[in-house]
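Q: Read top to bottom, the protein sequences are chains E and S.
At position 73 of the first sequence (counting the first as 1) the number is 73 in my numbering, and the numbers step up by one without a gap.
At position 46 of the second sequence (counting the first as 1) the number is 46 in my numbering, and the numbers step up by one without a gap.
Just so you know, these hints were derived from the structure itself, not from any lab.
Treat each hint with caution, since some may be false.
Straight-line C-alpha distance at most 20 Å; calculated SDA-like pairs for lysine to any residue [stated by the list, open to error]: (1) S:Lys-236 <-> E:Val-223; (2) E:Lys-393 <-> S:Leu-12; (3) S:Lys-101 <-> E:Ser-245; (4) S:Lys-224 <-> E:Tyr-285; (5) S:Lys-3 <-> E:Tyr-280; (6) S:Lys-228 <-> S:Glu-241; (7) S:Lys-230 <-> E:Ala-191; (8) S:Lys-103 <-> E:Ser-195; (9) E:Lys-246 <-> S:Val-56; (10) S:Lys-93 <-> E:Met-293; (11) E:Lys-393 <-> S:Lys-190; (12) S:Lys-61 <-> E:Ser-245; (13) S:Lys-61 <-> E:Val-413; (14) E:Lys-208 <-> E:Met-293; (15) E:Lys-208 <-> E:Ser-195; (16) E:Lys-246 <-> S:Leu-12; (17) E:Lys-332 <-> E:Tyr-453; (18) S:Lys-215 <-> E:Ala-191; (19) S:Lys-93 <-> E:Lys-208; (20) S:Lys-234 <-> S:Asp-206; (21) E:Lys-246 <-> S:Lys-61; (22) S:Lys-228 <-> E:Tyr-280; (23) S:Lys-190 <-> E:Ser-245; (24) S:Lys-95 <-> S:Lys-166; (25) E:Lys-418 <-> S:Arg-191; (26) S:Lys-268 <-> E:Ala-191; (27) S:Lys-166 <-> S:Lys-268; (28) S:Lys-103 <-> S:Trp-172; (29) S:Lys-184 <-> S:Gly-199; (30) S:Lys-93 <-> E:Asp-471; (31) S:Lys-190 <-> E:Phe-123.
Here's a subset of chain S near chain E, in silico, CB distances under 10 Å, partners left out [said to hold, decoys possible]: (32) Ile-9; (33) Val-63; (34) Asp-243.
All residues carry an ideal CB built from backbone N, CA and C; glycine is no exception.
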Amino acid sequence: MKTWQRSLLALFALLALFGGAAYAQAPGTPPVEFPYTGNRTAVWIVAQLHILFAGFILGAPIFVVISEWLGYRKQDPRYDRLAKEVTKVTVILYSMTALTGGLFIFVLLATYPQFTTWLINHFFMVFAVVYPLLFIGETFVLYMYFYTWDAWKGDKKARHIALGVLLNLIGTITLFVIDGPTSFMNTPVKAEGVSPAEFLATATVWDKIFNYSWMPLNLHRLVGNVTFGGFVAGLIAAYMYMGASKDEERAYYDWFGFVGNLIGVGALLFLPFMGYLLAYELCDYDASICPYMMADQLSMFFEMQGAMIGLIFLASNYYIWLSMKRIEGVEKVRMTILAPIVMVALPLIMTKVLTDYPAPDPKSLMFLLPLLLAPVILGRFLPITVSANTVIKVGFLMVVVGNAIWMTPHGFVPTGAKLVAELELPSDWNFLALMPAKNSAAFTLVFVTVVNYVIYNRAITQGTIVWGKIDFVSQFVLIFLAFSAIWTMGLMGAVRSLLRKYFHTYNLLPDFTAESFTPTLAYSAWWITGITVVFYAVVSFAIIVTLRASHPKDHAHEGQPVPAGAK
Amino acid sequence: MGKAILKVIIGLVVGAGLWGATAAFEFPPVFRWLFFGYAVLGTVVFLILDAPNMKVMNGVKAVAALLVFYAILCTVYIAGASLWPQYDPEDEKGKIAKILKNKVNPLDPWKADEVIGRAKELDAKAKELTERIKALGADQAASSQATGGPGAPPATTGAAGGDILKIGEDQWQLQECYNCHKLKGEGGKKRGPELDNIGSYLTVDDIKHKILDPKSWMAEGFEKEYEKGKMPDKYKDLMEEKDVVALATWLSTFKNTSVNTPKPIKKK
Chain E
1 MKTWQRSLLA
11 LFALLALFGG
21 AAYAQAPGTP
31 PVEFPYTGNR
41 TAVWIVAQLH
51 ILFAGFILGA
61 PIFVVISEWL
71 GYRKQDPRYD
81 RLAKEVTKVT
91 VILYSMTALT
101 GGLFIFVLLA
111 TYPQFTTWLI
121 NHFFMVFAVV
131 YPLLFIGETF
141 VLYMYFYTWD
151 AWKGDKKARH
161 IALGVLLNLI
171 GTITLFVIDG
181 PTSFMNTPVK
191 AEGVSPAEFL
201 ATATVWDKIF
211 NYSWMPLNLH
221 RLVGNVTFGG
231 FVAGLIAAYM
241 YMGASKDEER
251 AYYDWFGFVG
261 NLIGVGALLF
271 LPFMGYLLAY
281 ELCDYDASIC
291 PYMMADQLSM
301 FFEMQGAMIG
311 LIFLASNYYI
321 WLSMKRIEGV
331 EKVRMTILAP
341 IVMVALPLIM
351 TKVLTDYPAP
361 DPKSLMFLLP
371 LLLAPVILGR
381 FLPITVSANT
391 VIKVGFLMVV
401 VGNAIWMTPH
411 GFVPTGAKLV
421 AELELPSDWN
431 FLALMPAKNS
441 AAFTLVFVTV
451 VNYVIYNRAI
461 TQGTIVWGKI
471 DFVSQFVLIF
481 LAFSAIWTMG
491 LMGAVRSLLR
501 KYFHTYNLLP
511 DFTAESFTPT
521 LAYSAWWITG
531 ITVVFYAVVS
541 FAIIVTLRAS
551 HPKDHAHEGQ
561 PVPAGAK
Chain S
1 MGKAILKVII
11 GLVVGAGLWG
21 ATAAFEFPPV
31 FRWLFFGYAV
41 LGTVVFLILD
51 APNMKVMNGV
61 KAVAALLVFY
71 AILCTVYIAG
81 ASLWPQYDPE
91 DEKGKIAKIL
101 KNKVNPLDPW
111 KADEVIGRAK
121 ELDAKAKELT
131 ERIKALGADQ
141 AASSQATGGP
151 GAPPATTGAA
161 GGDILKIGED
171 QWQLQECYNC
181 HKLKGEGGKK
191 RGPELDNIGS
201 YLTVDDIKHK
211 ILDPKSWMAE
221 GFEKEYEKGK
231 MPDKYKDLME
241 EKDVVALATW
251 LSTFKNTSVN
261 TPKPIKKK
């Protein structure tokens, strides 16, 4: 990054910090009225864009430093090159995070001046001291991390990795800090027998931060950011693979894409459970949130979420399938017959067990753990095996079944109030629409994906990977995964915000503007798509500028070229 | 090609089987189509799995393919989201307006914007009246006022009686009590007890007490829900006293003994 770019970034950050604070002091400032979008949608667009950039710059460094460490430990230069290339993109997107962050504050202050001032006053130390310090610290460490990459090699590599760890530490703390006010708006502090307004008057900043949904939101966003970062790394690899003209470059970016996808999928496996934890805490905070989400105004948003998650799992498993096809000798790989049997039985048994012993009842584990571990433990003693291809195909069948269970609604109506018999599941089959069935569907998707990776792992120990020879369609799968992950983030971000219903801060501060209603899913989808496209365009530009432009035809690579055929 | 045709045939057979099975179990047609759709999805997945490799693309061709791919993704996601049943925000707007109508905005207790606007309006009216007075002559205007002429304030009407039961029913809808409680055969989902016979067990004061302090009464058989505090402890902050009384009064009129409303147990 050039000096003028850094100066511009610093100027914008300062403007956002002090300009925002100064604007907030102006008494009686009337809110502006955004034409066409309206105020709420204007805030939505800027906030979502900011969160997408922030999500990437917080998520990417987590696997960047792991990749750098792996490269150091395995003495494999590909990992180091991957880490450095993702960091290059991260540095560009860091300035976009600052820019959209500044814009977010301005738009918020202009559209909701009273509420923004109220929120800043409640979290003054956070907004005026802690967050800026963390942001400045992170900026300093990120640039230091990037610019010392080549200087801190060899003996100094451990020092560089430690700097990466520090960067992640600051990043994670920054995320946790800013999640305080965000989660507070959903679940403000409360105590039995005291009105929220009275309790708030005596609450400390820590009380406000450490609210019901703070830690679940932290965990959900942390895992979500890694997933997102992994899929965007896959996107980087796909672009570079498509533009590569040499076999060795294709081999490298094929490997890069695989690693990015592996990280994305690895974190994705935990995401449904993190989401469940967040929803559980929100419902525990106020039981009326649950029907609003699952049975009423937002129920169709969750149908769409089910469809998106299903597609993401289908695509990620399809990518593993394509990855297997480039392994020579994969046809020899076999697996115990118990694996496909458990896959098929899992949704049914798990639904029954979770209905009888609802989560988090530990008794459910007594039944489910032996079932899940059966292929590993009993499989050793059972001599019957099936081919890897068969197991994977049964897995695909079960991913479709899992999607079907996840997406089957209780009724084809946007709200329970409009439910009629012609649009409702028969009562005997209503279990398909309840949480035990949905959880079993999510777990089936996760289980199948894990089994597929186990098979892949076996395949590479028995066969030879021909890097660079993957079916070209796989690059579209990587792009699809990144696009869909971003779209789903936008959808769930909208859901989390809408859960506040007609409040700025739930049950505490009503939103008296005309826009405090639940928008339709179709309207939301237009904006989510628009935001995703804008984000995608910026990321694509950043990739082209940082990586494509810096790859002249006779470029000397940082690492050793990796010949096709190497593992 | 032969394999692909075989897969399509299998997919159609599975789809038809699902259609038949769901019809036999009396699923509504929309669910039959949904299950048929799952079979189609499965068929497409299995067709893609064994599809031949895609040719490598470069340069302008690759960029064009990418742009088309993005256009398809955008169209499919927007269309997909639009195909699901859509919630009508108008249903909610009316409710929110009613709930917030008499609420004071804590951020703007004096309703600064409204007051400034009203002051400007009055100022304009005062100017207009002054002009009219000038045009008519001061004496004439004064006598007109004394006899209840054009400048006089309108006569105040008596306070509207208001049907307390109607207000109570409105509150049931506004606070969305139906999301957890079944009443008159509507709503519920077993999150909370059915209330058709609640009037036989509880007085207006008891119901009011329960709304304001959910821990004061527990419905028999809802021990888990009671322990977990499923009924939100927020209505004392969200509802006006008169609205709580109206809701309690309305609920106390429900004495349908044919419905098995669980017996309330006093806890506080």
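Q: Against each hint, give a clear statement of whether it holds in the structure.
A: The hints, checked one at a time:
At most 20 Å may separate the alpha-carbon atoms for a hinted pair to count; Lys-236 of chain S and Val-223 of chain E exceed this at roughly 38 Å. Note on Lys-393 of chain E and Leu-12 of chain S: the hinted pairing holds, with a Cα-Cα distance of about 18 Å set against a maximum of 20 Å. Between Lys-101 of chain S and Ser-245 of chain E the alpha-carbon distance is near 66 Å, which puts this suggested pair outside the 20 Å criterion. The straight-line distance between the Cα atoms of Lys-224 of chain S and Tyr-285 of chain E is roughly 16 Å, inside the 20 Å bound, and the hint therefore holds.
With a C-alpha separation of about 46 Å, the suggested pairing of Lys-3 of chain S with Tyr-280 of chain E is violated against the 20 Å cut-off. Annotation: proposed proximity of Lys-228 of chain S to Glu-241 of chain S is violated, straight-line Cα distance about 26 Å (limit 20 Å). With a CA separation close to 15 Å, the supplied pair Lys-230 of chain S and Ala-191 of chain E stays within the 20 Å bound. Pair hint Lys-103 of chain S plus Ser-195 of chain E holds up; C-alpha atoms about 16 Å apart against a cutoff of 20 Å.
A threshold of 20 Å between alpha carbons decides the hint, and for Lys-246 of chain E with Val-56 of chain S the separation of about 13 Å falls inside it, so the pair holds. At most 20 Å may separate the alpha-carbon atoms for a hinted pair to count; Lys-93 of chain S and Met-293 of chain E meet this at roughly 18 Å. Taking the CA atoms of Lys-393 of chain E and Lys-190 of chain S, the gap is about 40 Å. The hint is violated against a cut of 20 Å. Pair hint Lys-61 of chain S plus Ser-245 of chain E holds up; C-alpha atoms about 14 Å apart against a cutoff of 20 Å.
Of the pairs offered as hints, the one joining Lys-61 of chain S and Val-413 of chain E is violated, with about 43 Å between alpha carbons and a cut-off of 20 Å exceeded. For the hint pairing Lys-208 of chain E with Met-293 of chain E, the CA-to-CA distance comes to about 24 Å; that exceeds 20 Å, so the pair is violated. Pair hint Lys-208 of chain E plus Ser-195 of chain E holds up; C-alpha atoms about 15 Å apart against a cutoff of 20 Å. Proposed proximity of Lys-246 of chain E and Leu-12 of chain S is contradicted: the alpha carbons are some 44 Å apart, above 20 Å.
Proposed proximity of Lys-332 of chain E and Tyr-453 of chain E is supported: the alpha carbons are some 16 Å apart, at most 20 Å. A hinted pair counts as satisfied when its Cα atoms are at most 20 Å apart, and Lys-215 of chain S with Ala-191 of chain E qualifies at roughly 14 Å. Distance hint between Lys-93 of chain S and Lys-208 of chain E is unfulfilled; the C-alpha atoms sit about 30 Å from each other, more than 20 Å. Annotation: proposed proximity of Lys-234 of chain S to Asp-206 of chain S holds, straight-line Cα distance about 17 Å (limit 20 Å).
A C-alpha spacing of about 18 Å is found between Lys-246 of chain E and Lys-61 of chain S, which places the hinted pair at or below 20 Å, so the restraint holds. The suggested pairing of Lys-228 of chain S with Tyr-280 of chain E holds, with an alpha-carbon distance near 12 Å, which does not exceed 20 Å. About 63 Å separates the Cα atoms of Lys-190 of chain S and Ser-245 of chain E, which puts this hinted pair outside 20 Å; it is violated. Distance hint between Lys-95 of chain S and Lys-166 of chain S is fulfilled; the C-alpha atoms sit about 15 Å from each other, no more than 20 Å.
Straight-line distance between C-alpha atoms of Lys-418 of chain E and Arg-191 of chain S comes to about 18 Å, which keeps the hinted pair within the 20 Å bound. Between Lys-268 of chain S and Ala-191 of chain E the CA atoms are separated by roughly 18 Å; this keeps the pair inside 20 Å, and the hint holds. For the hint pairing Lys-166 of chain S with Lys-268 of chain S, the CA-to-CA distance comes to about 30 Å; that exceeds 20 Å, so the pair is violated. Taken as a hint, the Lys-103 of chain S and Trp-172 of chain S pair is honoured in the structure, with Cα atoms around 18 Å apart against an allowance of 20 Å.
Of the pairs offered as hints, the one joining Lys-184 of chain S and Gly-199 of chain S holds, with about 13 Å between alpha carbons and a cut-off of 20 Å not exceeded. Our distance criterion of 20 Å between C-alpha atoms is broken by Lys-93 of chain S and Asp-471 of chain E, whose separation comes to about 52 Å. The suggested pairing of Lys-190 of chain S with Phe-123 of chain E is violated, with an alpha-carbon distance near 40 Å, which exceeds 20 Å. About 17 Å separates the beta-carbon of Ile-9 of chain S from the nearest beta-carbon of chain E, more than 10 Å, and the hint is not met.
Restraint check, Val-63 of chain S versus chain E: the minimum CB separation of about 9 Å is within 10 Å; hint holds. Against a cut-off of 10 Å between C-beta atoms, the interface hint on Asp-243 of chain S is violated, since the closest Cβ of chain E lies about 15 Å away.
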